[in-house]
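Colleague: If you want the building blocks of each chain, they are given just below.
There are 2 protein chains.
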Amino acid sequence: MAFDLDQLKWDDKGLVSVVFQDYRTGEVLTLAYMSREALEKTLETGKVYVFRRSRGRVMMKGETSGNVQNVKEVLVDCDADALVMKIEQVGGAACHEGYPSCFYRRLENGDLVVFEERVFDPKEVYGK
Amino acid sequence: MAFDLDQLKWDDKGLVSVVFQDYRTGEVLTLAYMSREALEKTLETGKVYVFRRSRGRVMMKGETSGNVQNVKEVLVDCDADALVMKIEQVGGAACHEGYPSCFYRRLENGDLVVFEERVFDPKEVYGK
Chain A
0 MAFDLDQLKW
10 DDKGLVSVVF
20 QDYRTGEVLT
30 LAYMSREALE
40 KTLETGKVYV
50 FRRSRGRVMM
60 KGETSGNVQN
70 VKEVLVDCDA
80 DALVMKIEQV
90 GGAACHEGYP
100 SCFYRRLENG
110 DLVVFEERVF
120 DPKEVYGK
Chain B
0 MAFDLDQLKW
10 DDKGLVSVVF
20 QDYRTGEVLT
30 LAYMSREALE
40 KTLETGKVYV
50 FRRSRGRVMM
60 KGETSGNVQN
70 VKEVLVDCDA
80 DALVMKIEQV
90 GGAACHEGYP
100 SCFYRRLENG
110 DLVVFEERVF
120 DPKEVYGK
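These protein sequence lines map, in sequence, to chains A and B. Take 0 as the starting number for the first sequence in numbering that gives the first Met the number 0 and just add one per residue. Take 0 as the starting number for the second sequence in numbering that gives the first Met the number 0 and just add one per residue.
Just so you know, not all the hints are guaranteed correct.
Since the list can't tell identical chains apart, any single copy or any two copies may satisfy a pair.
[Stated by the list, open to error] Below 27 Å or equal to it, Euclidean Cα-Cα: the simulated DSSO-like pairs (lysine-lysine) are:
#: 1; residue 1: K46; residue 2: K71
#: 2; residue 1: K71; residue 2: K8
#: 3; residue 1: K85; residue 2: K12
#: 4; residue 1: K8; residue 2: K122
Bear in mind the hints are in silico, worked out from the structure with no lab data behind them.
Turn these sequences into a full structure, and let the hints guide you.
Modeller: If you want it as structure tokens, here you go:
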């Protein structure tokens with residue numbers, strides 16, 4: 000079936016959820032939101048663009064830090080309101096906190112424990 | 000750091016997003032939403048409970064189909080508004096459409112292509 004963006008169920012803010020996953024390791028890196036403009040740019044360029052809720056605009060992922068993401072595969076869910084993008088992470092850090100994944104903490108016996116190593120220092124990359 | 004549910008950023012509907020991932024293969028199975036009640040029940044029982052937006056209530060995942068999910072690991076993201084749960088999928092199907100994953104379609108040269116095999120027929124399991 001030919002795909003077009005009207006088949007997706009955009010939410011009341013005009014966004015769909017996207018799970019970003021390392022195409023080699025399968026690690027889940029980030030959950031983010033794409034506007035129609037962000038998804039169009041992503042599919043056209045093969046680089047991830049996201050709608051940053053905190054900034055209210057579309058940005059290329061890694062625009063500031065250099066940690067861009069190249070899209071390898073796009074999956075669509077049953078409800079057509081969520082995507083999985085399997086990506087190649089340039090620079091090794093998907094998270095603005097400098098970690099490989101945004102999911103760098105896990106629950107261990109009631110504690111929240113950081114289990115990943117930082118790839119960069121966010122203060123150096125983004126300023127204070 | 001000791002974890003409690005007040006550290007999570009619940010959205011304006013009182014939900015957090017949860018990415019469910021097969022703990023063995025790393026396949027992303029579902030993106031769903033948990034209320035505080037659903038997350039509490041999940042952490043207490045080790046079985047996944049989700050808030051179903053379509054029904055407006057908390058249900059054990061697999062309550063009708065038998066395809067329950069046992070929680071193996073819980074990750075928390077940088078913004079504390081999204082979780083990854085690595086789970087063991089009983090019955091082999093996470094999707095109410097009868098597929099192993101809700102992400103059973105992918106984009107291939109502008110087409111949306113089903114690439115997974117159905118594990119069960121939803122008409123038989125849920126009725127028409």
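Colleague: All hints are to be evaluated individually against the structure, with a verdict given for each.
Modeller: These are the hints, each one checked on the structure:
1. With identical chains, the CA atoms of K46 and K71 are at most 27 Å apart within one copy only, with a shortest distance of 10 Å there and 33 Å across copies.
2. Taking the closest pair of Cα atoms, K71 and K8 come within 27 Å of each other only inside a single copy of the chain (23 Å); across copies the shortest separation is 31 Å, beyond that limit.
3. For a Cα distance limit of 27 Å, the shortest separation of K85 from K12 inside one copy, 24 Å, qualifies, whereas the shortest one across copies, 29 Å, does not.
4. Proximity of K8 to K122 under the C-alpha cut-off of 27 Å is restricted to the inter-copy arrangement: shortest distance 24 Å between copies versus 37 Å within a copy.
No hint from the list above goes unmet by this structure.
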